[in-house]
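Work the whole structure out from these sequences, hints included.
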Amino acid sequence: MGAGTMKSRIFSGTRYLILGLGLVFFIAPVASAIEFSLRSYGNKGHTMANYSWIFQQEDFFTNITISLKLAVLSAVITVVTVVPAVTFLHLEGQRYKRIFEFLAILPLVVPVVSLAIGAQKAMPLFIQNSQYELAFFYVVIAIPYTFQSLNVGLSSIPLKTLVEASRSLGASFAKTVTSVIVPAIRSAINAAVFLAVTLSFGEFTLTSLLHWETFPVWITRVSQGNVLGSIALSMFSLIGAWTLLILVQSAQNVQKNRRSKSQVEEMEEATA
Amino acid sequence: MSSKKSEIKVSLNNLSRHYGSVAALQNFSLEMKTGEMVSLLGPSGCGKTTVLRILGGLDPHHDGNILVDGEDITGLPSDKRNMGMVFQAYSLFPNMTVAENVEYGLRVRKVSQEVRRKKSMELLEMVHLSHRGNAYPNQLSGGQQQRVALARALAISPKVLLLDEPLSALDAQVRVQIREEIRRIQLETETTTLFVTHDQEEAMSVSDRVGVMNAGQLEQIDSPTVLYNKPKTAFVASFVGVTNKIPAEIDGKGRVRILNQKIDLSKNSRSASEGEKVFALVRPENLILSNEFDTDAQPGLVITKSFLGPLTKLGVDLGIESLVYVNMTSQEARKIDVGDRVALKITSEELMVANA
Chain A
2 MGAGTMKSRI FSGTRYLILG LGLVFFIAPV ASAIEFSLRS YGNKGHTMAN
52 YSWIFQQEDF FTNITISLKL AVLSAVITVV TVVPAVTFLH LEGQRYKRIF
102 EFLAILPLVV PVVSLAIGAQ KAMPLFIQNS QYELAFFYVV IAIPYTFQSL
152 NVGLSSIPLK TLVEASRSLG ASFAKTVTSV IVPAIRSAIN AAVFLAVTLS
202 FGEFTLTSLL HWETFPVWIT RVSQGNVLGS IALSMFSLIG AWTLLILVQS
252 AQNVQKNRRS KSQVEEMEEA TA
Chain B
7 MSSKKSEIKV SLNNLSRHYG SVAALQNFSL EMKTGEMVSL LGPSGCGKTT
57 VLRILGGLDP HHDGNILVDG EDITGLPSDK RNMGMVFQAY SLFPNMTVAE
107 NVEYGLRVRK VSQEVRRKKS MELLEMVHLS HRGNAYPNQL SGGQQQRVAL
157 ARALAISPKV LLLDEPLSAL DAQVRVQIRE EIRRIQLETE TTTLFVTHDQ
207 EEAMSVSDRV GVMNAGQLEQ IDSPTVLYNK PKTAFVASFV GVTNKIPAEI
257 DGKGRVRILN QKIDLSKNSR SASEGEKVFA LVRPENLILS NEFDTDAQPG
307 LVITKSFLGP LTKLGVDLGI ESLVYVNMTS QEARKIDVGD RVALKITSEE
357 LMVANA
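Protein chains in written order, with the numbering used here: chain A, 2 to 273; chain B, 7 to 362.
Incorrect hints may have been included.
Across the chosen pairs, the derived CB separations fall in these ranges [unchecked claim]:
(1) 144/B x 86/A: 49 to 55 Å
(2) 102/A x 336/B: 56 to 62 Å
(3) 248/A x 86/B: 39 to 45 Å
No lab work stands behind these hints, which were simulated from the structure alone.
All C-beta atoms, glycine included, are put in the ideal place defined by N, C-alpha and C.
This is the structure:
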């Protein structure tokens with residue numbers, strides 16, 4: 002056996018070992034939590050009782066629905082406000098970019114209690130009285146991540162040239178954004194939307210401070226008297242988030258495959 | 007046709023643009039006739055791209071106005087000017103196929119799909135890319151992308167076609183091929199075109215007229231032949247083509263005393279007083295080398311010899327600051343080698359001078 006082959010086997014072995022350790026680190030807590038959530042009080046074996054308990058709880062569907070609505074609303078507000086704002090910053094505000102990059106990370110360092118009180122005071126009264134005000138706060142909390150995602154996406158395309166080309170061909174700025182920019186940074190927008198959705202769906206502190214009830218706040222309240230039920234609820238949320246992630250990813254893959262297929266067909270046509 | 011060609015299509019009148027205290031453009035005026043191809047040539051930062059961007063409505067200006075077909079379009083935004091533009095950077099929309107890119111401007115104008123398809127096929131055929139209609143920009147070479155960008159700009163039947171250094175990102179061989187294609191298509195479509203470039207060979211080879219710019223001003227605009235043979239300023243003489251700067255002096259009769267010769271001062275040259283030390287601007291093809299050392303000739307030593315195909319360029323040391331370059335036919339140059347002593351003479355009848 003040559004020294005090269007030996008080296009490559011050792012490298013391959015180390016690689017699998019690291020991968021295995023990583024998987025154990027990730028899977029072991031989840032598997033343990035699932036196993037724990039299936040236990041019954043009094044050690045009477047494994048059961049789905051803790052999961053059926055979730056659905057018997059009053060307000061389960063009300064709270065999960067409001068959380069989903071808030072997540073969707075946050076995503077919409079992100080697309081409608083953050084996408085044009087970051088685009089405009091790239092086009093016209095290059096000299097202020099550093100300032101905005103700094104401002105964008107502020108939600109990470111400002112204590113949530115300050116954000117909750119300050120931001121609520123800034124809201125018009127009719128929104129303050131509605132639970133949907135939370136969507137605006139979730140958008141702000143998600144900005145450090147959504148801004149970065151869009152920032153990277155816009156930096157990867159020749160934005161100014163594309164906008165000027167589109168404008169010189171007669172398109173308005175709005176038409177340029179919808180027909181040229183959004184499709185060109187679709188994956189960055191998808192990532193920003195996904196971040197906004199997951200952050201909104203799981204946000205607890207700010208919602209609790211403002212005395213609103215959403216799915217995470219409800220979980221905390223109802224699980225105080227049922228330890229096994231609370232773990233089952235956490236697993237339920239985790240699996241829900243994964244399903245959402247897989248759905249978004251699958252939608253992106255379908256789109257990507259369709260485009261790759263047409264590109265391959267075109268290449269075959271061109272070389273024929 | 008000839009009467010149409012003499013019509014003024016574009017008038018740029020006294021345009022000025024400042025960046026803080028720096029003037030990028032000062033009282034710039036230019037007229038372009040219908041179907042004419044005008045190039046703007048000049049060093050980096052001379053304001054040539056600024057002119058093109060102002061005409062296209064992409065940059066604002068501070069003074070002056072712009073007329074197209076006699077109509078003042080000064081305040082119109084770029085999307086209302088109907089001007090096709092090809093950029094230096096690749097600008098095809100990455101999410102659209104080649105055909106969709108070409109059709110984009112027509113789609114914005116709500117032209118029917120049938121008409122769009124027909125027009126895009128015609129234009130893609132014109133740029134020899136009809137077989138790549140379904141390709142995406144990332145599947146095309148740089149040259150192909152610029153040809154599609156040209157087709158896209160022409161699809162809207164623009165009043166003026168604006169070309170902003172469209173060849174500068176391409177390799178040398180493709181540049182020559184595409185610039186010839188641009189000229190062919192421009193003549194075929196009779197589109198009034200403004201072409202901005204820093205490459206003089208590019209400008210001279212495809213344009214009806216070439217404007218040379220310097221420090222935000224138009225120094226001279228003329229046909230390539232006039233520009234090369236009768237430059238109006240020392241800047242144009244030294245910027246267009248290769249020019250030797252040879253130390254000289256003005257004599258009492260207003261002539262230029264250079265090496266061992268006396269030559270008339272060009273009428274286009276700046277005035278110079280008797281005894282003033284100047285640099286005379288002499289083109290390499292206006293110098294001859296021989297082995298006849300008569301009184302007019304200046305002796306020199308051949309230091310370099312570069313074969314350029316039909317021509318050979320020789321660098322001769324005359325004992326002045328830099329080598330003097332002489333162009334000879336390669337056949338004549340076969341008699342001369344590096345290290346030979348030669349006699350150099352100027353054949354120009356008049357000379358331009360610049361400050362020493």
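These are the hints, each one checked on the structure:
no., hint, result
1, 144/B x 86/A: 49 to 55 Å, "28 Å, violated"
2, 102/A x 336/B: 56 to 62 Å, "60 Å, holds"
3, 248/A x 86/B: 39 to 45 Å, "43 Å, holds"
Hint 1 from the earlier list is the only one contradicted by this structure; the remaining hints agree with it.
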